[in-house]
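S.K.: Residue-level listing of the chains:
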Amino acid sequence: MTPAAETPPAVRPKSYRLLKHGWLYVMLLPGVAYFLIFRYWPMYGLSIAFQDYLPFLGYQDSPWVGLKHFEELFAGPDFGRLMFNTGLLALLTVLFVFPAPIVVALMLNEMRRQVVRRSIQSIIYIPHFLSWTIVASVTYLLFSADFGVIAGWINDIVGGPRADYVAQEEWFRPVVVLQLLWKQTGWGTIIYLAALAGVDTQLYEAARVDGAGRWRQFWHITLPGIRPAIVVMAILTTGHLLDSGFEQIWLMTTSLNRSVADVFDTYVYYIGITQGSYSYSTAVGLFKGVVGVLLIYGSNLLSKRLGERGLF
Amino acid sequence: MKKLAAILAVTMTLTTVAACGDDSGEQSSDTISVMAPLFGTAPDPNGELQQAVQKLLGKKLQITWVPNADYNEKTNVTLASNNMPQVMVIQGDKQAAFVQAAQAGAFWDLTGKLDKYPNLKPADPTTGKNATVNGKVYGIYRVRPLLRSAITIRKDWLAKLGLPMPKTVDDLQAIAKAFTERDPDGNGKKDTYGLIVPKWPGNYASSSPYDVIETWFGAPNGWGERGGKLVPGFDTEEFITANKWLKNWVDQGWVNPDFATLDSANWNKPFVQGRGGIIIDVNVRSADLVKLFKEQDPKSFDKVALAGNLARSDGQKFSAPFPGYNGIVAIPRQKVKTEEQLDQILQVLDKLQTKEGTVLLTNGIEGRNFKLEDQYAVPLDEDNPQIKTINNDVEKAFIQLGTRASIGLSAYPPKPADEPSRQLLVQRAELATEDLKTAVHNPALGVVSDYYIRQGKTLDLIIPDARIKYLSGDITEEQLRAEIKRWYAEGGTKIAEETNELVAKLGK
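Chains as they are written, first to last, in the numbering used here: chain A, 21 to 332; chain B, 1041 to 1548.
There's no promise every hint is true.
To be verified - Here are the simulated DSBU-like pairs of lysine-lysine, each with C-alpha atoms no more than 35 Å apart in a straight line: (1) B:K1153 to B:K1134; (2) B:K1269 to B:K1477; (3) A:K88 to B:K1176; (4) B:K1134 to A:K308; (5) B:K1169 to B:K1269; (6) B:K1284 to B:K1239; (7) B:K1357 to B:K1375; (8) B:K1477 to B:K1161; (9) B:K1207 to B:K1334; (10) B:K1153 to B:K1525; (11) B:K1169 to B:K1391; (12) B:K1395 to B:K1100; (13) A:K308 to B:K1114; (14) B:K1331 to B:K1287; (15) A:K88 to B:K1100; (16) B:K1436 to B:K1239; (17) B:K1195 to B:K1339; (18) A:K88 to B:K1161; (19) B:K1169 to B:K1545; (20) B:K1153 to B:K1339; (21) B:K1377 to B:K1357; (22) B:K1455 to B:K1099; (23) B:K1269 to A:K88; (24) A:K88 to B:K1377; (25) B:K1207 to B:K1114; (26) B:K1525 to A:K88; (27) B:K1375 to A:K88; (28) A:K88 to B:K1284; (29) B:K1153 to A:K308; (30) B:K1455 to B:K1339; (31) A:K308 to B:K1525; (32) A:K88 to B:K1534; (33) A:K308 to B:K1239; (34) B:K1161 to B:K1391; (35) B:K1331 to B:K1269.
Hints in this document: simulated from the structure, not taken from any laboratory.
When you get a sec, could you build the whole thing from the sequences and use the hints?
M.R.: Printed below as a string of C-alpha cells:
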C-alpha cells in the first residue's frame, strides 16, 4: 500500500536498524544526557581560565584576559617546584606502588591452602576502606615527635636526636609512599587475582608434563597470562599520574615540608578555594588535565607500538 | 513492554534534566538567610534560643552554620554560587577573595550608611577604621577585646620550683628551662617541656605565639615605621632577634617537639596532661584550662597562673594588641537588591544588636539558663540537658552573630564559678588595661594593597613557613633572611609601596 513497503531492501539498512532497535536508542538517552549535562556542559566553566573571573560579574561580564594566567603559571616561581614534586611522586608511585599489588597477587596465587589465602585476601582489603583522614591521624599518632609510639621505638633502636617523621622534608615522600602501599596494595590485588584465575590450567598441566619447574611455569605461563591486565592498569595509572592523591597530601602537609609536598592538586585547592583566586587555579587545573590526557594517549600509543592491544 | 520501556526512558531523562535546574526562588520577606561560623554542634532551628531570637526580631532565621575550620573555604565557594545568603559573616575581611568580590559590587558598600542605626554604627571609631578596606565599609565589625594576648603558666609547677611570675623575656626563659630540666611534676623523669605551640593555621601577623613574641622584642605588629617608611614586621632586626631567641628554646628542648604539627584543637592537652607548662595565647584560654583541670580533679584545680605581655631584657616593654574585631557581618547584593531591602535587613540586624538582642546572643535566655546577680550572669541548672542545649547554642554558635557584644565581651560578664576563676577574671582585666598602655598598634590595619589582592596569593605562606623552618633548624639565619628577600622579589616590594601610599592617603 504505502510507498515505503515497496522500497527495496538495499536502501533500507540504516533507517531500518534505527527503527528496529529504536527503543535501545531511546534507553541510551539518559546515559547520553548524563554525560552531556554533567560531564561536558560544566566544561564551559573552564572558560574562566581565560578570564579574570569575579563571581559577582559571572561568566558573561568577567573581563577576558587571554593566556595571562598560563603565562603567570609558567613564568611564576612555583611552577618548577610543583612540576618536580608532582613528577617525583608520580615516579615513586610507578616504581613502588604500582608493582606492589602484582607481586602480592602472584604470591597469593602460589599459596596452596585456600583458607589461608582467602583470609589473607580479606584482611589486606581492609585498609582500602579507611578514609585518608583516618590514615593521616593514625600516622600522626604513631610517628609524632612528641608522643608517637613507633617513632619512640625507632628512636630507641637508632638513637641520636629524634626525627620528626611527619614534619620533616626528607621524610615526606617515604611516609606518603608507605601510606599508599599500606592502604592500596591489598585492594589492588583484586584485578590481578581475577586475571590469574582466568589463566588456563591446562597450560600448567602441559608445562608440568614437559618438565617445567615452578619458576618456568611462572615465567612462561602466569606472567604472560596477566600481561593484558598489567598493561591496562598501567595505561589507566598514567592518566592519573598527576593526580597525586589530594586528600592524602593535603593532610600530610606542614609548614616544614611544604616545599616538597606542594603538588598541582594541593596548589589548585590552596589558590582557588582558600585564597579565592578562581581563574588562576582553573588555569593550573586545566594545564594538569591536558597533561593527563597527553599521558594517557602517549602510553596507549606506546603499548600498541610494543605489540599490546592498548585501551582504545 | 515497549510502552513501559519508553516511559522508563523518558522519566529517567526528565529527572536527570530536572536535577540540574536550580531553585533560585525568592525568599519571602519574613525569613532572613544567614551564614555564620560554628564551633560545636549546630543549633536546632526549633530550639529554644533560636525561637527566642526570632521572637525578638519578628522574623524567621534560616541560618547555615559552617564549622569554623572550613569557614574561609566555604565562604569562597559560596561567593561563586548563586545561592548567597542575605547576611554573611566574613572572617577573612582583608583577604583577596572577599575584597575583590566586594570591590566588584558583590556586597553592599555600607560607607556612611550605618549612622542611621544606633546599634550598628561603630562603637569605637579606631576599630571602625581598622575594619574598613581602604576607607570603605563593607560590613559591621564583630567586636573583640583590644588586648587579649597573655601567658598562661602552670601555677603548681611554678610554686614547686619556687619561681616568680615572669616580668621579662629572661624570666620566661628561666621558667621554660626549669620546667624542662628541673622535673616540675616530680615524677623523677625528665619528661616535660616549657612552651606549648601548635601548628598555626594563619598567616604572618595573625596573633600567633610567634607574632606575640616578636612584638615583645620590639618588632612591629604587622606593619611599622622604620626610617620614615612603613615596613612589614618581618623585615626588622627585632624579628630576627626574637626568632633567634625562640630557636634556642627549640634547640634546648624547651618547646614541644611537635610544634610544627600539633593540631591547634589539641593545644590544651599537653598542658592539662602535664607535659608542658606555658601557653602564649589569648587570655581567655586560662579560663578554659581551669575548667579542664576542674573536670580532671574537682578538689585541686588551682593550677593556672596568668601573666601579661613581657618586657625585653633592657626593660622596654611592647605589648601585642589584637585588631579589636574579628571579621565582619556583610550583606551580599545577590538577594538584597534594593536600598529598601537593605534598610529592612539593617533594621533587623540593628534590633539584634540591642541590649536585649546581645543578651540572647552572648548570655542566653534570662531566667532559663542564667540569672542576673549584680550585673553578673550566673549560670542556672547547668546539668539539665535542655539548659545544656541552650548554653551550647549560645557559646558555640549564636555568639558569633554578635557585633556589639561578643566573645570576651558578653552583654553581662559571666560570674566565675569558683575562686581561682574569679581571680583569673580580675587579673585578665588588670593585665589587659596595663598592657594596653604599651600596645604596638598596626597602622596599616585598614589598608589592603591592590597588588596584594590581584597577585599576592602565593606570597602569604613564604614568611610563616620560613619562620617555622628556621625555628626547627631546617634553614639557617642567612636562608631566613633570603626568604624575606624573596618575599620582596616576588611582589612584596610593590605591596610595601602601595601600603605606604594608601596609609599616607587615608591618614593613620
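S.K.: Next step is simple, just say for each hint if it's right about the structure.
M.R.: Hint by hint, here is what the structure shows:
At most 35 Å may separate the alpha-carbon atoms for a hinted pair to count; B:K1153 and B:K1134 meet this at roughly 20 Å. Restraint check: the Cα-Cα separation between B:K1269 and B:K1477 comes to about 24 Å, which is no more than 35 Å; the hinted pair holds. About 29 Å separates the Cα atoms of A:K88 and B:K1176, which keeps this hinted pair within 35 Å; it holds. For the proposed pair B:K1134 and A:K308, the alpha carbon gap of about 30 Å is at most 35 Å, so the pair holds.
For a cut-off of 35 Å, the pair hint linking B:K1169 to B:K1269 stands: about 21 Å separates their Cα positions. A distance of roughly 19 Å separates the Cα atoms of B:K1284 and B:K1239; the hinted pair therefore holds under the 35 Å criterion. At most 35 Å may separate the alpha-carbon atoms for a hinted pair to count; B:K1357 and B:K1375 exceed this at roughly 49 Å. With a CA separation close to 26 Å, the supplied pair B:K1477 and B:K1161 stays within the 35 Å bound.
Between the alpha carbons of B:K1207 and B:K1334 the distance comes to roughly 28 Å, so the proposed pair stays at or under 35 Å and holds. As the CA atoms of B:K1153 and B:K1525 are separated by approximately 42 Å, the hinted pair breaks the 35 Å bound. Restraint check: the Cα-Cα separation between B:K1169 and B:K1391 comes to about 23 Å, which is no more than 35 Å; the hinted pair holds. At most 35 Å may separate the alpha-carbon atoms for a hinted pair to count; B:K1395 and B:K1100 meet this at roughly 20 Å.
A distance of roughly 24 Å separates the Cα atoms of A:K308 and B:K1114; the hinted pair therefore holds under the 35 Å criterion. Our distance criterion of 35 Å between C-alpha atoms is met by B:K1331 and B:K1287, whose separation comes to about 32 Å. Among the hinted pairs, A:K88 with B:K1100 is inconsistent with the structure: their alpha-carbon atoms are about 46 Å apart, more than 35 Å. Our distance criterion of 35 Å between C-alpha atoms is met by B:K1436 and B:K1239, whose separation comes to about 22 Å.
About 15 Å separates the Cα atoms of B:K1195 and B:K1339, which keeps this hinted pair within 35 Å; it holds. Using a Cα cut-off of 35 Å, the hinted pair A:K88 and B:K1161 is violated, with the two alpha carbons roughly 42 Å apart. Of the pairs offered as hints, the one joining B:K1169 and B:K1545 holds, with about 14 Å between alpha carbons and a cut-off of 35 Å not exceeded. A distance of roughly 54 Å separates the Cα atoms of B:K1153 and B:K1339; the hinted pair therefore is violated under the 35 Å criterion.
Among the hinted pairs, B:K1377 with B:K1357 is inconsistent with the structure: their alpha-carbon atoms are about 50 Å apart, more than 35 Å. Our distance criterion of 35 Å between C-alpha atoms is met by B:K1455 and B:K1099, whose separation comes to about 32 Å. Annotation: proposed proximity of B:K1269 to A:K88 holds, straight-line Cα distance about 33 Å (limit 35 Å). Of the pairs offered as hints, the one joining A:K88 and B:K1377 holds, with about 33 Å between alpha carbons and a cut-off of 35 Å not exceeded.
Under the criterion of a C-alpha separation no larger than 35 Å, the hint pairing B:K1207 with B:K1114 is inconsistent with the structure, at around 42 Å. This hinted pair checks out: B:K1525 and A:K88 have alpha carbons roughly 26 Å apart, not beyond 35 Å. About 33 Å separates the Cα atoms of B:K1375 and A:K88, which keeps this hinted pair within 35 Å; it holds. Restraint check for A:K88 and B:K1284: not satisfied, since their Cα atoms lie roughly 41 Å apart, outside the 35 Å limit.
Of the supplied pair hints, the one linking B:K1153 and A:K308 is violated, its CA atoms being roughly 46 Å apart against a limit of 35 Å. At roughly 20 Å between alpha-carbon atoms, B:K1455 and B:K1339 fall within 35 Å of each other, so this suggested pair holds. A C-alpha spacing of about 30 Å is found between A:K308 and B:K1525, which places the hinted pair at or below 35 Å, so the restraint holds. About 19 Å separates the Cα atoms of A:K88 and B:K1534, which keeps this hinted pair within 35 Å; it holds.
As the CA atoms of A:K308 and B:K1239 are separated by approximately 30 Å, the hinted pair is consistent with the 35 Å bound. Restraint check: the Cα-Cα separation between B:K1161 and B:K1391 comes to about 13 Å, which is no more than 35 Å; the hinted pair holds. Using a Cα cut-off of 35 Å, the hinted pair B:K1331 and B:K1269 is violated, with the two alpha carbons roughly 46 Å apart.
Hints 7, 10, 15, 18, 20, 21, 25, 28, 29, 35, counting from the list given before, are not met by this structure.
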